[in-house]
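A.B. asks: Quick mapping for you: the protein sequence lines, in order, are chains A and B. Positions in the first sequence are counted from 1; adding 188 to them yields my numbering. Positions in the second sequence are counted from 1; adding 188 to them yields my numbering.
Any given hint could turn out to be false.
For identical chains, the list gives no copy identity; a pair is met inside one copy or between any two copies.
Claimed, not checked - Below are the DSSO-like pairs computed for lysine-lysine, each with C-alpha atoms no more than 30 Å apart in a straight line:
#1 K255 <-> K274
#2 K287 <-> K255
#3 K268 <-> K287
#4 K267 <-> K287
#5 K361 <-> K274
#6 K361 <-> K267
Just so you know, these hints were derived from the structure itself, not from any lab.
Number of protein chains: 2
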Amino acid sequence: MVREVSESCMDSLLTEIVSSYCNRFYANKPELAARRIEAIGYQVGHQLSERYTIERPRFTDHLEAIKFICKDFWSELFKKQIDNLKTNHRGTFVLQDNKFRWLSRMSGDPSEISGAAQDPSTMSENKAAQATGMHLYFPCGIIRGALSTLGIPCAVSADISNLPACSFVVRIKV
Amino acid sequence: MVREVSESCMDSLLTEIVSSYCNRFYANKPELAARRIEAIGYQVGHQLSERYTIERPRFTDHLEAIKFICKDFWSELFKKQIDNLKTNHRGTFVLQDNKFRWLSRMSGDPSEISGAAQDPSTMSENKAAQATGMHLYFPCGIIRGALSTLGIPCAVSADISNLPACSFVVRIKV
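Excised from the complex, chain A in its bound form (with noise of 0.2 Å):
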């Protein structure tokens, strides 16, 4: 049996978490902001994947893994499996979460995140985006981490232009 907690107080929790890395540990610091806390993500994917493949047969191949993540892992931590996955068949896969739940209560324009601030009332939403990027730092160090425990080592990052969408590229490192 799985248990559960409220998924709000995941939500809080993650939200101090990246405001105190960004605010105090990190101010000013953003690149190693966003490096701690995809290394918090990594850890608690590490641990998680441990949790959760103990009673399983190891992993033949990468796409099993992948599929792995996408159905068993995902419905483990989202009660739901990712919605679509694709790949370019060089190491490269695309797993897109129709609505992925960590962003849901997220407001601004975070698809922005790499637009310049153009005048001052944008600049709100810009922070608001900057947010939205620093969270995402989270999910995509669990998936590394799930994955690196696995043995496949490789590169994550995340895709919010189709909100509330959200698309993790996953790059095996060969």
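Given chain A, work out where chain B should sit, using these hints.
C.D. replies: Chain B only, in chain A's frame:
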């Protein structure tokens, strides 16, 4: 509808946060680490309390607010109510959860948090106990944050001398 996430994810995240704060940001400064972990709990409790009471009339007295924490608030967070509530009718309330979820995966003998290490063989046990103690600052902060948001300033501590039960002692400030 309350949405839920896997508790193991919350567990892992909390463990990582505690470890980061104790070993990275506030190494050898456990009081500071404790204060920061409590402060994060406070913010989470504040946010959750605002969310959960948004359509509710204001509480008219302390007991009513404490009962809200024991029933509705705890149910939202942990899918169960506080098992036992005691008060001395002079501003101190003891909220006992007979099987507190965030402790049930811990090992060691955390009841000895304040016991002094006598020989090296007990060192690792004491370390586990200290980690458990650190974990508890988070739910203590949550309760304090929630009650403060309801207009009740207080101090909250945890008593785990009777594991797996955990009692939260709320002392209302006059």
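A.B. asks: All the hints need checking, so say for each whether the structure fits it.
C.D. replies: Quick rundown of the hints versus the structure:
1. K255 <-> K274: For K255 and K274, only the intra-copy Cα distance (11 Å) is at most 30 Å; the inter-copy one is 50 Å.
2. K287 <-> K255: within (19 Å within a copy, 35 Å between copies)
3. K268 <-> K287: both (10 Å within a copy, 28 Å between copies)
4. K267 <-> K287: both (12 Å within a copy, 24 Å between copies)
5. K361 <-> K274: This pair counts as within: shortest intra-copy Cα distance 17 Å, inter-copy 57 Å.
6. K361 <-> K267: Within one copy, since 29 Å is at most 30 Å while 41 Å is not.
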